[in-house]
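Engineer: Single-letter residue listing:
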Amino acid sequence: MTETITAKDINEQDKALLSDLQDALANCMKCGNCMEVCPVYKEVGKEAAVARGKLSLMEGVLKGSIPLSAAFDTAMSKCVSCKACTAKCPCGVPADELILRGRQAAVKARGLHPIKKKVFALLKNRHLFDFSLRMAGVFGPLSFKKIPGKMAALARFPMPGMDYKRVTAPFASTPLRSQYPEVIKVDRPTMRVGFFTGCTINYIYTDVGQSVINVLKENNIEVTLPSMQHCCGTPVYMSGDVDSAKILAKHNIETFDSYNFDYIVSACGSCTEAFRIEFPHLFHDDPKMSAMTEKLAKKTYEISEFLIDIVKIDKTKLGPVNTTVTMHDPCHMARGIKVTKQPREVLKSIPGLTFVEMKAPDRCCGSGGSFSLGNYELSRKINDKKIADIASTNADTVVTSCGTCRMHLTDGLFQNNMNQDALHVVQVLDRSYKAGHKK
Amino acid sequence: MEKHHINALKEIVGEENVLTSAEDLYCYSYDATPGHAHMPDAVVSPANTAETSKVLKLANENRIPVYTRGSGTNLSAGCVPTKGGIVLLMTRLNKILEIDLENLVAVAEPGVIVADLNKEIASLGLIYPPDPGTVATATLGGTVAENAGGLRGLKYGVSKHYVMGLEVVLANGDIMNTGGKNVKDVSGYDMTKLFTGSEGTLCVITKIISKLVPAPEAKKAMMAIFKDLDNAGKAVSAIIAAKIIPATLEIMDNATIRTVEDYAKVGLPLDAEAVLLIEVDGNPIVVEKEAEKVMEALKANHADFVQIAKDDAERDKLWAARRAALPALAKLRPTTYVEDATVPRNKVPDFLREVSSIAKKHNVTIGTFGHAGDGNMHPTIVCDIRIPEEMERVYQAMDEMFKAAIALGGTLSGEHGIGLGKLPWMEQQHGQITMNTMRSIKRALDPNLILNPGKLVGEC
Ligand SMILES: Cc1cc2nc3c(=O)[nH]c(=O)nc-3n(C[C@H](O)[C@H](O)[C@H](O)COP(=O)(O)OP(=O)(O)OC[C@H]3O[C@@H](n4cnc5c(N)ncnc54)[C@H](O)[C@@H]3O)c2cc1C
Ligand code: SF4
Ligand code: SF4
Ligand code: SF4
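Top line first, the protein sequences correspond to chains A and B.
If you read the first sequence in full-length UniProt numbering, its first letter stands for residue 1, the second for the next number, and so on.
If you read the second sequence in full-length UniProt numbering, its first letter stands for residue 1, the second for the next number, and so on.
If we strip away everything but chain B, and leave its shape as in the complex, we get (with noise of 0.2 Å):
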């Protein structure tokens, strides 16, 4: 990039909004993703919609790349500026604009931060459901740009779910509109879904109209052990075919539990193969119900120990569990690597038997927790990533995850996206023609290849 660009930057958003110091473009430099950093040019920081626009048409004139971030949480080095240019902070995009009570839908700039839309609408009884373990940290646009998921996946869907239309600046500047507020609407190519998930590579998101549903009145929480995981296997597919769909259904594997109580002290057998946590949420007289069935499903498939919670207090126990798995995994070891690879619900004792072999026979440490009502698994994979020797085993066993994950009929990534970290399995989950039409539409809508280029569908 030119000092001309510079100044023509600053020009738009303001000098203030502009960084090029060595020490800021650091700060850029990385997301929450182990193992990618790169510097950019500069960070630019625009104010709206108009803004951001002329941005586009500034970088897309002068073939110069732009990274689209939010709060930079994503783990799949969706932000990291591999070819230099422009990291495009959004994060000044953040008022709450509108909050429709008759459509029951919110419209947002992309860098609120999803827990401060909830907290907006908390008061008047609704929730915007999409809830990743960073909603108070992530913004709007970085999570409906991952698709995001969360907890409360299985009843409550993730961000596409939720996501009913869109403002986005194309490549070239042009500022475009999709959808709306409309629960039916089947006017044209859906380019909200296509836009959903769409990592930064097709355009920048700068607002979203999403829908908003009524908070449950009423929470249950349970949780069960068991010593044989194909038992607890069995007691997720039971409560399913029970027709109970909890808002959440976790399960924690015998490495995690492990850690989890050699950390947390939590009273939780180190023997155990599986721990579930289940949630169920709605009208209270149908979650009492409904508890009733989860725990007479959980008795019947032989939990060696059940319990349920009969106040806040005793939820929030039953919740630390599953609360710590994540730090104390991450404590272990300096690096650590949350991956999502995600399987059909029926196939999540496989990939677990699986994972704990892959660990084994690599010698890397693997813990795996993660959703089990939706068969999305969170494997995390915990070492040093300044010893190459160790980093060559765990490259080695990721690759044996993803491709039993793909072999399970699964995919790589349940919520966090492709990025750079798993663009190397891309070709063998969906073959040469559908990576072929994802590019085309990639060079369709973005033909000077600026935006977040290299990620998701690769060099094309």
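Bound conformation, chain A alone (with noise of 0.2 Å):
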């Protein structure tokens, strides 16, 4: 596998796989407004890393032009998958989804980046995957530093893909699934909710799985924990490998079908989306999978969503939690799941919180999914803008509603020598509760 593989070296073995491209990549004008808002390029400044540059760079390979070469792998790497292009984007190029299929055509010519083809063999295998994150937070304190007070702690010695002084959250030494009953009971449910953890909040941020369901109980819902749910897949699928991702959905998917549950509720924009887009996306010229995934689509939330559009809070109940709190706003819930007012109300409905908003709340962490393991100074330099924007706020808490922008702006906040809190939305929720009790 060298620079020399052409565009007829992959036609000649996956026709369907670029050449469908060609039409959506020609809707680009190249009017280059995506330079405005992509993260990336705005550290890079070269033309390769924004969007427009990378469909040109595909359209190049399709001609014939260039190469699909290590450097085009390095290209349509370098994105963190946050929609901004395609949010700003004239002609309504959906420039993130085709980037991916860039990444899809690199990993089928020359394979994944080494040290994700790691974490992600090890996705693939449910059982060997739950077994070495137990494993990781029994032993956790070993290969973890504490950082005192905090769901931080620096690594201490180089696990996977891990920048050694990089700041990660400490896995849980009891997954939160281990932590309850399958079913979690309340006298007279008012519904049945299935709570998809993913894997960020059944590992290592068990905390607010715990505030998940403890809010859900306060509004006398039954909550389920289905045992066989795995990680959605978003981070094999984003990057590249859609084979994977399409086994781990379908197991998702046949789980929490079983189940017959009034609505589906994950605590992360991501894993919404999985449900709610991706899923039927991926399964879409597969009758049978297809109408079970519209089906779960249409009755899966994110938790702030779930509690002010469907439950619709009873806000008489709320104590007081006197802080000043700010909100970043994950990529994947401001222009994914377009989900942004209902973390606000959450908030917002909170007495004695006050709220700041940062210049630019939905301007990506830097995290990206795993584009940090591949790109870890790049992603750095990208949150050290939204660390200073947090800075500007005065905040003594920022709050978002995703586990790896958390543990990215933890490990920010650390590096940059701040102590505020980062939390998810429903944490504060779940401490307001807490404090009504106390009224």
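These are calculated hints, taken from the structure and not from any lab test.
Note that the Cβ used here is the ideal one computed from N, Cα and C, for glycine as well.
One or more hints might be untrue.
Covered stretches of chain B (chain A as the covering partner; in silico rule of three or more C-beta atoms under 8 Å from a C-beta of chain A) [to be verified]:
no.: 1; stretch: 64-75
no.: 2; stretch: 127-141
no.: 3; stretch: 326-337
Keeping only pairs whose Cα atoms sit at most 35 Å apart, straight-line, the calculated DSBU-like set for lysine-lysine is [what the hints assert, rightly or not]:
no.: 4; chain 1: A; residue 1: K46; chain 2: B; residue 2: K3
no.: 5; chain 1: B; residue 1: K310; chain 2: A; residue 2: K312
no.: 6; chain 1: A; residue 1: K341; chain 2: B; residue 2: K310
no.: 7; chain 1: A; residue 1: K42; chain 2: B; residue 2: K3
no.: 8; chain 1: B; residue 1: K155; chain 2: B; residue 2: K243
no.: 9; chain 1: A; residue 1: K295; chain 2: B; residue 2: K265
no.: 10; chain 1: B; residue 1: K265; chain 2: A; residue 2: K312
no.: 11; chain 1: B; residue 1: K10; chain 2: A; residue 2: K63
no.: 12; chain 1: B; residue 1: K219; chain 2: A; residue 2: K385
no.: 13; chain 1: A; residue 1: K83; chain 2: B; residue 2: K219
no.: 14; chain 1: A; residue 1: K46; chain 2: B; residue 2: K54
no.: 15; chain 1: B; residue 1: K265; chain 2: A; residue 2: K359
no.: 16; chain 1: B; residue 1: K310; chain 2: A; residue 2: K338
no.: 17; chain 1: A; residue 1: K88; chain 2: B; residue 2: K360
no.: 18; chain 1: A; residue 1: K341; chain 2: B; residue 2: K119
no.: 19; chain 1: A; residue 1: K42; chain 2: B; residue 2: K181
no.: 20; chain 1: B; residue 1: K317; chain 2: A; residue 2: K299
no.: 21; chain 1: A; residue 1: K83; chain 2: A; residue 2: K341
no.: 22; chain 1: A; residue 1: K295; chain 2: A; residue 2: K348
no.: 23; chain 1: B; residue 1: K219; chain 2: A; residue 2: K338
no.: 24; chain 1: B; residue 1: K243; chain 2: B; residue 2: K299
no.: 25; chain 1: A; residue 1: K63; chain 2: B; residue 2: K3
no.: 26; chain 1: B; residue 1: K265; chain 2: A; residue 2: K298
no.: 27; chain 1: B; residue 1: K155; chain 2: B; residue 2: K211
no.: 28; chain 1: A; residue 1: K88; chain 2: B; residue 2: K211
no.: 29; chain 1: A; residue 1: K42; chain 2: B; residue 2: K211
no.: 30; chain 1: B; residue 1: K160; chain 2: A; residue 2: K359
no.: 31; chain 1: B; residue 1: K211; chain 2: B; residue 2: K181
no.: 32; chain 1: B; residue 1: K160; chain 2: A; residue 2: K88
no.: 33; chain 1: A; residue 1: K88; chain 2: B; residue 2: K119
no.: 34; chain 1: A; residue 1: K246; chain 2: A; residue 2: K295
no.: 35; chain 1: B; residue 1: K211; chain 2: B; residue 2: K54
If you want a taste of the chain B side facing chain A, the calculated C-beta under 7 Å gives, among others [stated by the list, open to error]:
no.: 36; residue: S21
no.: 37; residue: A22
no.: 38; residue: D24
no.: 39; residue: C27
no.: 40; residue: Y30
Dock chain one against chain two, each of which comes alone in its own frame, and use the hints as you go.
Structural biologist: See below:
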């Protein structure tokens, strides 16, 4: 596998993969509007980093003007999939998705980034995955140096793909789904909800999971944590490994379908997006799966969205939380499932809480799912802008709605010697319910 | 270009600031203009004037073409390296050097994004008015080199009205200063004006001294819908005759109205022949009075519907239709040509009629919107560049459109520049003598013809 793979070679192997992209690519008028918003371009400053450049490179490969080279892979990997370009584009070009397609081509041609390969091989095997992440929790103190008072730790010896200076959250000693029975009963439940925890909440941020369960219980909702659920597959999908993503997706769809829940709730924009948008997309040409997928898509909600739009929480039960809070909108909330009002409404319902908007709340935090695994320095630079924005609000807490964002923000706050808390929206709400009981 | 040239360039700007991989070169083979692309041999990003000067000296001695580039958003193929050579990327020179509040002057490097300059001075109550549709992406250098205009051209003018002085590097590497902070300055030929709008063919701009003006305290937006195009034209004249110079006076033709309505559902009647969007700005008391007079002029000229924005939210709504014009048209077909033929203000209705009959005749889709106040129209042609037969018709339509503009006493380009795109019609607009004069200037300043060769004045 060298620099010499050409469009011809690829097309001989898989004509369909790239060629139906041609029409989509032709819609880019090269206006360059995406330069304004692309966080990667803002740091790198080279045309190959912005959507316009990446789309041109794909066009070049398809035309046979340039080879499908290692440099092409690199260009395609320099994208945090934040969808900012797509939201800005006057021509309606879904650049982030097209870039994923470019990555898929690159994966087919020469395989994944070696670090990601290790992580994703693990992801595909649910038992092995569960086992190794539990082990990470049990032996966590060995591999991570704890940072006092924070849900954060400094990696002590290299994890696959981790920069050793990098602050990650410690793995929980007991995963969330082992802390609770599968069904969490309440008296006279008003509805039955399936909680898709996602891996971040199950293995790392169990505190967020606990808050989700507490808050739902406060509202007389029966919560089920289907034991067979697995990672949604988004990270694998984002890296261009569609086949693995499909295996994970099918498993989750069948698992959740079998319970017949009233609603499915998740506490992560990407996970909600997976159920709502990606799964239907993955199986659109498979009639049996597609019906099941569409049904689940319609009843899946992100937690803040669920609490405001469906549950319509009773605000009189909330007690004061005296703190100043600012909010980071995860890309997959702001531009994926387009949920930004509800988490704000949750915060604004809490007495005593002062909410301060940062300058660019929906600008990417730089994490980009597994982007930061292969591009840590670049993702830090993007993150530094976010941290500066947080600092300018003088808030003592920054909240968000995604585990990966929380982790990246925590890392950024630490690297910049700041001591703000980074929490999930629902954790602050949980505190408020608790304060309400003391009233 | 030879290997040793590349090495010499790396010596000047540093290894990481010379790009030569096929992938990187491919990314600098185009700008925002459809249908023009050519790979350079190297992309070179200097850090300052001294490095720029050394690069040019080397290029000049070795007869290597140099294509200066800002953000590459121009619509006249101005950045396309048609003869290979060097793309000189100016985006690393991106510092605002000075905001001089006593003289209301900014000194900045060419790679500064126009919107960033405006953000910087907003808190001081100042604006830099030239605001092309690309303010958030275009560089100061690129806008000065294109003499870019924008929505506020009627009242505030275009780039050339703000450039007071420049530092430029000439083709042979010499560094030259023009103008300065003096409001009045008649010392010598006005080289500042010559270089403004020179599209990278005469020099490389490395520093810009620009005028700033106080931000207007108040704004008021109004919209009017006309079933009859002539009434819209008369309303525009009436507003100006009432001695009101709105900051914005925009028009959309029927084809654009239909497309916008289809896409954004803002509630425009499909049979309307024109929509006007007007905004007056300035002192709050004056703004109120002027808005009243504008409304009178609109009604007196039989506007079928008028609305005035009461607050910011309503203002946003009125603007929504105009903002949707380009995105709505661009989504119709893969390829979009945004032209900018310009006619004297009173000829706008005639020109719009000409354009729609040309579109019909050649069966091409053209939506025209633009700055009615200054006659700067944007006939926007949407098509598919991959279909040769269709492109034949598109080129025919373009040809007739430009000829129509010239015949009405207009000009090929109001703000996007000539570059390559409109070169074929230059002779027709200017005649032999003017073209020869322009070419003499080009040869005098760039005898080896290395700066953006073949553009603006063609081969010489
Ligand atoms: C969607 C869209 C809307 C637009 N709307 C408008 C509009 O309303 N009004 C308008 O006027 N234009 C408009 N434009 C055109 C374009 O944005 C402007 O021409 C802009 O000024 C180009 O700036 P840039 O930094 O991208 O320059 P580039 O495209 O990089 O360069 C433009 C020209 O300037 C030369 N150049 C660049 N930097 C320098 C330098 N430092 N020294 C010497 N020469 C240099 C280049 O060689 C080239 O010929 C629009 C374009 C698009 C795509
Ligand atoms: S904004 Fe859209 S059309 Fe414009 S260059 Fe980017 S992807 Fe292409
Ligand atoms: S998705 Fe985000 S990072 Fe990727 S090209 Fe678009 S704007 Fe840039
Ligand atoms: S998207 Fe992130 S948080 Fe959600 S399941 Fe996948 S890895 Fe876990």
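Engineer: Against the structure, test the hints numbered earlier, and report the numbers of the ones violated in rising order.
Structural biologist: Of the numbered hints, all hold.
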